[in-house]
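Make the full structure from the sequences, and use the hints.
There are 2 protein chains.
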Amino acid sequence: MSSELDPAFKTVSQATAGRIVISVDAMGGDRGPAAVVAGLALSVAEHPDIDFLLHGSESELAPLLARRPGLKGRVRLVHAEDVVRMEDKPSQVLRTGSKTSMWSTIEAVRAGEAMAAVSCGNTGALMAISMIRLRKLPGVNRPAIACLWPSRGPKPFNVMLDVGADIKADAPDLLQYALMGASYARNGLGYARPRIGLLNVGTEDHKGRAELRQAQELISSATEAGNFDFVGFVEGGDLPSAKVDVIVTDGFTGNIALKTGEGTAKLVGELLRESLRSTVLSKIGALFAMGSLKRLQQRIDPRRVNGGVFLGLNGTVVKSHGSADSTGVAAAITLAYKLARSGFQERLAQRVASLAQPTQDDGQSNNKNGNTE
Amino acid sequence: MSSELDPAFKTVSQATAGRIVISVDAMGGDRGPAAVVAGLALSVAEHPDIDFLLHGSESELAPLLARRPGLKGRVRLVHAEDVVRMEDKPSQVLRTGSKTSMWSTIEAVRAGEAMAAVSCGNTGALMAISMIRLRKLPGVNRPAIACLWPSRGPKPFNVMLDVGADIKADAPDLLQYALMGASYARNGLGYARPRIGLLNVGTEDHKGRAELRQAQELISSATEAGNFDFVGFVEGGDLPSAKVDVIVTDGFTGNIALKTGEGTAKLVGELLRESLRSTVLSKIGALFAMGSLKRLQQRIDPRRVNGGVFLGLNGTVVKSHGSADSTGVAAAITLAYKLARSGFQERLAQRVASLAQPTQDDGQSNNKNGNTE
Numbered sequence: 001m002s003s004e005l006d007p008a009f010k011t012v013s014q015a016t017a018g019r020i021v022i023s024v025d026a027m028g029g030d031r032g033p034a035a036v037v038a039g040l041a042l043s044v045a046e047h048p049d050i051d052f053l054l055h056g057s058e059s060e061l062a063p064l065l066a067r068r069p070g071l072k073g074r075v076r077l078v079h080a081e082d083v084v085r086m087e088d089k090p091s092q093v094l095r096t097g098s099k100t101s102m103w104s105t106i107e108a109v110r111a112g113e114a115m116a117a118v119s120c121g122n123t124g125a126l127m128a129i130s131m132i133r134l135r136k137l138p139g140v141n142r143p144a145i146a147c148l149w150p151s152r153g154p155k156p157f158n159v160m161l162d163v164g165a166d167i168k169a170d171a172p173d174l175l176q177y178a179l180m181g182a183s184y185a186r187n188g189l190g191y192a193r194p195r196i197g198l199l200n201v202g203t204e205d206h207k208g209r210a211e212l213r214q215a216q217e218l219i220s221s222a223t224e225a226g227n228f229d230f231v232g233f234v235e236g237g238d239l240p241s242a243k244v245d246v247i248v249t250d251g252f253t254g255n256i257a258l259k260t261g262e263g264t265a266k267l268v269g270e271l272l273r274e275s276l277r278s279t280v281l282s283k284i285g286a287l288f289a290m291g292s293l294k295r296l297q298q299r300i301d302p303r304r305v306n307g308g309v310f311l312g313l314n315g316t317v318v319k320s321h322g323s324a325d326s327t328g329v330a331a332a333i334t335l336a337y338k339l340a341r342s343g344f345q346e347r348l349a350q351r352v353a354s355l356a357q358p359t360q361d362d363g364q365s366n367n368k369n370g371n372t373e
Numbered sequence: 001m002s003s004e005l006d007p008a009f010k011t012v013s014q015a016t017a018g019r020i021v022i023s024v025d026a027m028g029g030d031r032g033p034a035a036v037v038a039g040l041a042l043s044v045a046e047h048p049d050i051d052f053l054l055h056g057s058e059s060e061l062a063p064l065l066a067r068r069p070g071l072k073g074r075v076r077l078v079h080a081e082d083v084v085r086m087e088d089k090p091s092q093v094l095r096t097g098s099k100t101s102m103w104s105t106i107e108a109v110r111a112g113e114a115m116a117a118v119s120c121g122n123t124g125a126l127m128a129i130s131m132i133r134l135r136k137l138p139g140v141n142r143p144a145i146a147c148l149w150p151s152r153g154p155k156p157f158n159v160m161l162d163v164g165a166d167i168k169a170d171a172p173d174l175l176q177y178a179l180m181g182a183s184y185a186r187n188g189l190g191y192a193r194p195r196i197g198l199l200n201v202g203t204e205d206h207k208g209r210a211e212l213r214q215a216q217e218l219i220s221s222a223t224e225a226g227n228f229d230f231v232g233f234v235e236g237g238d239l240p241s242a243k244v245d246v247i248v249t250d251g252f253t254g255n256i257a258l259k260t261g262e263g264t265a266k267l268v269g270e271l272l273r274e275s276l277r278s279t280v281l282s283k284i285g286a287l288f289a290m291g292s293l294k295r296l297q298q299r300i301d302p303r304r305v306n307g308g309v310f311l312g313l314n315g316t317v318v319k320s321h322g323s324a325d326s327t328g329v330a331a332a333i334t335l336a337y338k339l340a341r342s343g344f345q346e347r348l349a350q351r352v353a354s355l356a357q358p359t360q361d362d363g364q365s366n367n368k369n370g371n372t373e
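In the order they appear, the protein sequences are chains A and B.
Here the UniProt record's numbering is used: position 69 in the first sequence is 69, and no number is missing along the way.
Here the UniProt record's numbering is used: position 350 in the second sequence is 350, and no number is missing along the way.
Quick caveat, the hints were computed from the structure, so don't treat them as lab data.
As the structure is a computational prediction, the values presented were derived from the model and not from experiment.
For chains that are exact copies, the list does not tell them apart, and a pair is met inside one copy or across any two.
Below, computed lysine to aspartate or glutamate pairings styled on DMTMM-like, alpha-carbon distance capped at 20 Å:
hint : residue 1 : residue 2
1    : K266      : D325
2    : K207      : E87
3    : K89       : D205
4    : K155      : E274
5    : K168      : E211
6    : K168      : E204
In structure tokens, the structure reads:
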């Protein structure tokens, strides 16, 4: 059921004239719909050409929207009576979840009413619904989730994928991840020609599992077709390295690495706070250094790197952290906005199709139209 | 060639009467033999019952030893003319490395002249030499390398294995890792009944690869025979958790997790220093907080957690970081000393043998002799 609460909201056909429409799941995050609505308010202030479809309980959302004058005319509320909970199993959501806000959020992208979707809900369920409703891009075997990683390089973030869409990947899948990750880095993060690395237990050519050595060959032969450079194998310590932009791995390894890195940063942060509280002198020191410490916290703040992107589907889906607050939600929306604005989805589809039909590669690479993709 | 430079050194038969003899590779670390000899000097001061066999170039080592009066009568120098370099391939070292200090270091354990070995050299070569000369423990399919991880729990460290001895592990291998890791945690770290966790991409029973679900069943049926508790699946964020003591995983995943965690801690540390230097106020603050910040640095200092232990061989081998300084070398030696003193090697062999012959398990578990193993 779709309700036109706000008649000032442009219809979708009008909205597409220069407007970027993002479909947002208001429910299912740990902090509830208020944090999501607050995130929308931050986003409209930052992006004058953004509009929203907001999915969830009308009775909960209408009062929250009414309190945000900045959102007037920018949000169309789409009522959904059910919510996917964090503990729901994806298989069950697929059977009984068609009235959930998450389903409705993805459905708007499938129907062409929005250019990208954002949800803070259950990752497994979001991937399952996205797979079933959006379907895989022609030529893609395994979709992937890409995350951002703080970097020592000139740009603030590196990309890593897959961080958990699938628990395995063979060599051709890893090649597709390289291609999709490169396209995402160009369109979402502004890398002109991303440098791809393949995650392994050492950098020498003979290291690691057989599929990694095969993938190494496949990826190094695809650098021109994919418009990227290949730096070869990289190790766990290279994830924030300035020598690589996109790190390719299977979803099992990527998920372990992502959670290990987040957990380590959190542990060091806790120990730092504990340590600064431990003596009177250090408490005084912390007061003097407060400004610098806050900037550090911002730099490694997981909310700023918020937004795992599902790659390899017929539609762009951004998964925000379940615990995201308004800042985190706004970061995820900005990512969806940038990807929608750049025409990422069409570019990625073309890139994957060109690789799936190698005879077209020469024609593609002769097409020097100056686009980043 | 073995030279008795120091006649005050007790012969091995005398030394075994209450003495703990550790075989140490003086060469092949990034900081050269001076750092190793300085590490020995720290160790003898800490452990009055420790003696050393020190392997390497006599002409380099004799002057270094002569300058350390504390080492007089505690070190026997064993000359080895060759050195394994960091870039040497393990296969080549096996063919041509019998005159290296690393080979000589392991050989002393094989011959029963020392109770444990320590080297800062090339990990792959050290594992290869250890495998060939010491051989696998009866009943062990894949040896493993166990590392220490800073913990939020009552004890300062958790254990993770395998972090890179092998690139794969099937379910029975993971069971052996649980058993070996538990035995190491009891004898090296003083855990009475370690809690084992199996690393996975989620904690629900249906998550992850098939071999992990099989391993989950095998490990949960072995808790009594192995004298440990099993907490089930854990995630990357749980590596420093207080709810688990020993984390079991395959060597590929473990190596990526170890290097990702080390790399993240290093990145956060760099950003912290950068941030404290960024303004005059924060520089003043850093001066006040210096004592506390130094204690924090010590707590997450990789030198303190120095020492990967090779498990599943007929002999205890501790791999120190290649870049270890005297503090790091001393930490690795202390670990080797504790394991040698506890009779870890014999206890581990019994434990593995008991599991390989399930009919003996009842007899073993009825043997309530109060030993930790």
